[in-house]
Amino acid sequence: MRIPCPFCGPRDSQEFSFLGQTGLKRPDPNAPDAQKQFHDYVHIRDNKAGLTKELWLHANGCRSWIVVERNTLTHEITGSEFASPLTKEAAQ
Amino acid sequence: MADLSLSPRSALAPFLHAGHHGAEGKTGVKLREVTACALAELTAFKGQKAALIKSTQNAFGVALPAANKSVSKDGVTFISVSPGKWLVTGEGAAEHDLVERLENAAGSLAAVVNQSDARAVVEISGDKARSALAKGVMIDLDPAAFKTGDAATSFAVQFWITLWQTNDAPTYRLAIFRSMGRDLLHWLESSAAEFGYDIHG
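Respectively, the protein sequence lines represent chains A and B. Under this note's numbering, the residues of the first sequence are numbered 1 to 92, in order. Under this note's numbering, the residues of the second sequence are numbered 93 to 293, in order.
Next up, chain A with everything else stripped away, as it sits in the complex (with noise of 0.2 Å):
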């Protein structure tokens, strides 16, 4: 499998490492219900069939956190984009 990296464009998969879904947030560890917020935090996925957003490192290339658009029912890669707005700023 191919990776498009924004920076380096087009890298072996070997080249990354990777993380998981995005648009996870940290629950208020000071909530009432905060045990459950943090296990749903930490185990629970929504393991889509199709379109997702996952968060990759380019760790054997410019260690830039990249977020791949992959659809998981055919592998297809429809995009990535820079993690960090600052990682973008400084890749122009």
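Here are the simulated lysine-lysine pairs, DSBU-like style, with alpha carbons at most 35 Å apart: (1) Lys227/B - Lys53/A; (2) Lys146/B - Lys88/A; (3) Lys161/B - Lys88/A; (4) Lys161/B - Lys53/A; (5) Lys239/B - Lys88/A; (6) Lys165/B - Lys138/B; (7) Lys165/B - Lys88/A; (8) Lys138/B - Lys25/A; (9) Lys118/B - Lys227/B; (10) Lys53/A - Lys138/B; (11) Lys88/A - Lys138/B; (12) Lys239/B - Lys53/A; (13) Lys53/A - Lys88/A; (14) Lys88/A - Lys227/B.
A few chain A positions that, by computed beta-carbon distances, are all more than 10 Å from chain B: (15) Met1; (16) Gly23; (17) Ala34; (18) Lys36; (19) Lys48; (20) Leu55.
If you anchor each label on the Cβ, the simulated ranges turn out as follows: (21) Ala203/B - Gly50/A: 40 to 50 Å; (22) Lys25/A - Lys227/B: 43 to 53 Å; (23) Gly9/A - Val205/B: 23 to 33 Å; (24) Gly20/A - Asp232/B: 23 to 33 Å; (25) Pro4/A - Lys146/B: 24 to 34 Å; (26) Leu51/A - Gly167/B: 46 to 56 Å; (27) Gln149/B - Ala59/A: 26 to 36 Å; (28) Ser13/A - Ser97/B: 39 to 49 Å; (29) Pro4/A - Lys227/B: 16 to 26 Å; (30) Gly9/A - Gly117/B: 37 to 47 Å; (31) Ala34/A - Pro235/B: 53 to 63 Å; (32) Leu19/A - Gly111/B: 39 to 49 Å.
What the hints contain is simulated information worked out from the structure, not anything from laboratory work. Glycine included, C-beta positions come from ideal geometry on N, C-alpha and C.
Dock chain B against the given chain A, drawing on the hints supplied.
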């Protein structure tokens, strides 16, 4: 006080045996360590990239290269390694004042980190250099895809490398962590053996 000045020590000299190796009667590949070479990493601070490009242009006479590119002038080579970050090598007169010149140019626009004692640079050239490298380097080195002046940070046989092409011979340079130099060299030599290779001390 005792004299504490330190002299540079080659990362690979103990493992480089000058002479001809591999297949007899042909030399497809030439290998050497680029010694007398200072290394530094230049990282633009937040929002300062444009100003840094201007400042280094004034100090070194070249514009910092865009992604996947390198530029050289007067013994100083800038290699783009990640967003807002460049690996810089200095040879000749620049070996001795590279870090100081970079710090002066960077001012409060960028961080300069001396990498001379962290990385080693290996040069591989000859008409079979591309074939020897291609056995382990994960990027496409075909001239249609990778030309003189092109650069990449990538992966070669388990090692994180910075690779750039310096001429059409072709000649490539690889910057590697120096503690991994012996292992990378072992792979390079195995890879080059079928083409016959010379090591220059």
